[in-house]
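> Sequence:
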Amino acid sequence: MTPEDKGKRGVIVVGSGGMLGSEVVESLKNAGFEVAALDFPLVDITKWESVCSAMSRMDSPGLLINCAAYTAVDKAESEQEAAFAVNRDGPANLAEACEKLGIPLIHISTDYVFNGKADHPYGEQDAADPLGVYGRSKWEGEEAVRSRLARHIIVRTSWLYGSRGLNFVKTMLRLGREREELKVVSDQYGCPTWAFDLAGCLVKIAGRALFGPAPVPFGVYHFCGEGVTTWYSFAAAILEEARERESSRIARVLPVPSSSYPTVAVRPQYSALDCGKIRESFGIVPPPWEKSLSNLMNRLYELPAGKSGE
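Convert by adding 1064 to the 1-based position in the sequence shown; the result is the number in this note's numbering.
The hints are simulated quantities; they were obtained by calculation from the structure and are not laboratory data.
Warning: the hint list may mix true and false statements.
[What the hints assert, rightly or not] Label pairs and their in silico Cβ distance ranges: (1) P1277 to R1363: 30 to 38 Å; (2) R1238 to E1188: 32 to 40 Å; (3) G1291 to G1347: 16 to 24 Å.
[As the list claims (entries may be wrong)] Calculated pairs, SDA-like style, for lysine to any residue (alpha carbon to alpha carbon, straight line, at most 20 Å): (4) K1247 to S1322; (5) K1268 to G1347; (6) K1268 to V1284; (7) K1111 to S1211; (8) K1181 to S1250; (9) K1164 to L1237; (10) K1268 to I1348; (11) K1093 to D1123; (12) K1111 to K1268; (13) K1341 to R1272; (14) K1355 to R1272; (15) K1164 to M1122; (16) K1355 to L1237; (17) K1164 to K1093; (18) K1268 to K1341; (19) K1164 to G1074; (20) K1111 to D1138; (21) K1093 to F1275.
On a predicted model such as this, the values are computed, not experimentally measured, just so you know.
Ideal Cβ placement from N, Cα and C applies to all residues, glycine included.
I would like the entire structure built from these sequences, with the hints used as guidance.
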């Protein structure tokens, strides 16, 4: 059933200017939804009055998708107040606003709510145990949503990348052109996720929430690229894709342990996510991360120079 079948009901997207939010807005519009795209400073989710004012920009919203987040993992260790304001207090305000309007909320969370000590992909039922400020702020944001709004869907994702903004893929492409050799950690495991794929997932959930036909099973879900890899293997795949498309020299990649690149914030060693629940509940099947990476590279290399969303 499409939006045209029952008349459009609007979707508010908060954090619409970011890597994910911009993809969500575009995907929703392409699917025929009415969209109110809100980003800072038009809305400051850390302030209740700003949230209330922003929500009034759409006459009868049917759903809110929150893509806003503080994502600077290392800086969060020294900017705890800012991280918790955006990642915990912001979702709390949005959940309360949705409760008052009687609409559901889709909220984006992260694999960093886990400690990374598992030997298998994490399921939604596995206990959270975040290692750093960023992970804790996101976990407390989840808890804030759960305690304020019954009709919520929390989607955890991992290793997000895309054509817009700064991310691992675009960083590797830049460094791969500038240097002869790159050293990338090979002992951290996860699932790369293309923002375009995640946006498509959210559009499907939004359609189900607004137009049915089956009731929405609210709760927590995982969505990420299919397959587990390391940052080293991911980087090697990125640069191999570049070699196939460029005549210029591309750097080689060497694997190194995490101990070679100490960071301010501790990262989970293993944060792969099990996406079985979202398959069963919504029929959403994440594509293999290698295929999505290739599709992104096709998109990037089709764009004119300087137009890659930076």
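> Against this structure, judge whether each hint is valid.
Okay, the hints, checked on the actual structure:
{"no.": "1", "hint": "P1277 to R1363: 30 to 38 Å", "result": "holds, 33 Å"}
{"no.": "2", "hint": "R1238 to E1188: 32 to 40 Å", "result": "holds, 35 Å"}
{"no.": "3", "hint": "G1291 to G1347: 16 to 24 Å", "result": "holds, 20 Å"}
{"no.": "4", "hint": "K1247 to S1322", "result": "holds, 11 Å"}
{"no.": "5", "hint": "K1268 to G1347", "result": "holds, 9 Å"}
{"no.": "6", "hint": "K1268 to V1284", "result": "holds, 15 Å"}
{"no.": "7", "hint": "K1111 to S1211", "result": "holds, 19 Å"}
{"no.": "8", "hint": "K1181 to S1250", "result": "holds, 16 Å"}
{"no.": "9", "hint": "K1164 to L1237", "result": "violated, 45 Å"}
{"no.": "10", "hint": "K1268 to I1348", "result": "holds, 8 Å"}
{"no.": "11", "hint": "K1093 to D1123", "result": "holds, 17 Å"}
{"no.": "12", "hint": "K1111 to K1268", "result": "violated, 30 Å"}
{"no.": "13", "hint": "K1341 to R1272", "result": "holds, 16 Å"}
{"no.": "14", "hint": "K1355 to R1272", "result": "violated, 26 Å"}
{"no.": "15", "hint": "K1164 to M1122", "result": "holds, 15 Å"}
{"no.": "16", "hint": "K1355 to L1237", "result": "holds, 17 Å"}
{"no.": "17", "hint": "K1164 to K1093", "result": "violated, 26 Å"}
{"no.": "18", "hint": "K1268 to K1341", "result": "holds, 15 Å"}
{"no.": "19", "hint": "K1164 to G1074", "result": "holds, 16 Å"}
{"no.": "20", "hint": "K1111 to D1138", "result": "violated, 24 Å"}
{"no.": "21", "hint": "K1093 to F1275", "result": "holds, 16 Å"}
Consistency note: the structure conflicts with the earlier hints numbered 9, 12, 14, 17 and 20.
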